[in-house]
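In order, the protein sequence lines correspond to chains V and P. Numbering of the first sequence is given in this note's numbering, commencing with residue 1 and proceeding in unit increments. Numbering of the second sequence is given in this note's numbering, commencing with residue 242 and proceeding in unit increments.
In case anyone wonders, no lab produced these hints; they're calculated from the structure. Beta carbons: idealized from backbone N, C-alpha and C, even for Gly. Mixed in with the good hints there might be a few duds.
[As the list claims (entries may be wrong)] Pairs of lysine-lysine, DSSO-like flavour, derived with a Cα cap of 27 Å:
id, chain 1, residue 1, chain 2, residue 2
1, V, K199, P, K442
2, P, K572, P, K524
3, P, K394, P, K478
4, V, K241, V, K183
5, P, K249, P, K427
6, P, K433, V, K41
7, P, K442, V, K190
8, V, K189, P, K442
9, P, K442, V, K41
10, P, K442, V, K8
11, P, K524, P, K538
[Claimed, not checked] Here are the simulated distance ranges between beta carbons:
id, chain 1, residue 1, chain 2, residue 2, range
12, P, G289, V, K241, 26 to 34 Å
13, P, A286, V, Y153, 39 to 47 Å
14, V, G111, P, P270, 17 to 25 Å
15, V, G111, P, D430, 27 to 35 Å
16, V, K140, P, G373, 43 to 51 Å
17, V, G57, P, K572, 33 to 41 Å
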Amino acid sequence: MAEVRLPKRIMNSGGWCQGCGHGVVVRLIAEVLDELGVADKAIAVEDVACGSMSMSGVLKCDAIMAAHGRPIPVANGAKGARPDSIVYAHLGDGSAYSIGCAELVHTALRGDNMTVIVVNNTVYGMTGGQMAPTTLPGEKTASSPKGKDADRYGVLNVVDLISDLNCTYLARGEIYDVASTAKTKAMIKKAFQNQIDNKGFSLVEVLAPCPTNLHMTPVQCKEFVHTEATKYFTLGEFVDK
Amino acid sequence: MAEKVLMKGNEALAEAALRAGSRFYSGYPITPQTEILEYLSTRMAEVGGFFVQAESELCGINMVFGAAAAGARAFTTSSGPGYSLKQEGISYLAANDLPAVIIDVMRIGSGLGDIFMGQGDYWQLTRGGGHGDYRTIVLAPNSVQENVEMVQKAFDLAEQYLHPVIIASDAGIGQMMEPVELPDFKEHDVNKFDWAVRGCKENENPRYCQNIYYNMWDEEYPLVKEYGDYPTYLTKKYATIEENEQRWESYQVEDAEVVLVAYGSSSRVAKDTVDTARAQGFKLGLIRPITLWPFPKKAFAEAKAAKAFCTVEVNILGQMGDDVRLATEGKFPVGFAGNFFAVPDPDDIIATAKALLK
Ligand SMILES: Cc1ncc(C[n+]2csc(CCOP(=O)(O)OP(=O)(O)O)c2C)c(N)n1
Ligand code: SF4
Ligand SMILES: [Mg+2]
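Could you build the full structure based on these sequences and the hints that come with them?
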């Protein structure tokens, strides 16, 4: 068997489904923390949703599991208590843009010095694939079996929501292939560098597959995110101060 | 050196929290606790701490959760409607064994109720209130001086038991001015506890502050190793608190025919009522719970001559009555001399207490 080389801050593979985007994102974060030399003072804050599987022996960082929707204020609290630490919130689209929307907006409004990584898989992964504010028009989910009625529910784009507030950095990437993953990693790195430099609020949204709940194979789901989700959620750096 | 000053209850409490070493506060305006937020909005910076006016009580308590996980002596304050929103975070604090102090300066009523002096939150404070198997230690001051002493005690108890501790103040105590002795400043070290997240070295095990329910099947998990399993740990934790932390004040209880039971603002009136009744030849007494949970059951053994008990509360349904019935094993009539929008009148209390003897 080929030797598997893990990044320094990754202890093991996680319990995520095959083709899930969370594991890739956690790995990218772990690599960035190490490369920036701040892993020793990093505090991860995870939502209780699928991202928190990083706390099942995967991530070698001190970490807090926050209530659904609350990783941003919890991270803010940890940073307030330990201003010299490097604190980030890793959460899903449902967490950040639905139940935790108020906390996201006001943290961005205050421009609090922290890093937020949102994994947007267009569904509520953990609870079995219900419709999220990010579900695409017509996308079938467990709670929109005929396809999302976008006239009734709309589609929430974080760029519309917070880019005019007090963000220092706001970007969206994907993890489709080596090149796009490297780009996303560079975005994550910038979001952490900003915190190190005390520059304020940085958020990177990562478009990611949830094959299980989209009822696709990992490859199909990857293609769906790359071709369909990017139509509504364009990639790029939207705020970079 | 301790300082003697004249101060409003809410402000004295805020100052005392800083002197207890707290350097983290996040809150949201609501009457009658707003003076705490306003006071700390400038005072916290003077002592080099973290203050934020949060966008909601939900945010406020979740920030406290993060700060507590990182080792701070963190606190937040609110009143009934806001305290309801804090229940999510309090349940998470309890489920994570985290110390924090939450202050409820009570007002009256359910829903919006009203901003006036009240004791509307006894049930939600003492029953847990949020989801799941938990309760919190609840301290009930009845003077500005006790506000000061209890906020310090609250942080100590929170750390001793690794548990959220609540202070049940009320509009009366929060708004009143009294002379108060402020204690000296104490320092708190955020690295006091090894469990507090701070960042781990490459060769260390990471500290995870997480849902203990997920770990209860892991034989290597420290708490499981020590107690065998999580239910045993939890049962023992609450039993220990119940056994060791009951606090109360007894006043003329031993020979009393009727014993009043009152805390906070209404206990001040109740105490005066005992004197008035005794001057009239009616033997009243008073048990003043200082901890609302654990309820001071032990206090009731002293009431050897009692034929009835009567709670004095500022709410409509007499929320504390159930606890008095439990503490007295249902053997005595338990009355309720209540009022809302104002503390009950001594004459009414005496009349209610007398009627219990008929
Ligand atoms: C207050 C509260 N409401 C609902 C839930 C149930 N719940 C847990 S995770 C989740 C949705 C997760 O979706 P998302 O945030 O997008 O994360 P994902 O699993 O997709 O990464 C929900 C609704 C909860 N735990 N707490
Ligand atoms: S349900 Fe979706 S988000 Fe959750 S682990 Fe599986 S693929 Fe990932
Ligand atoms: Mg999701």
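Checking against the hints above, which ones are violated? Hints 16, 17 not satisfied by this model.
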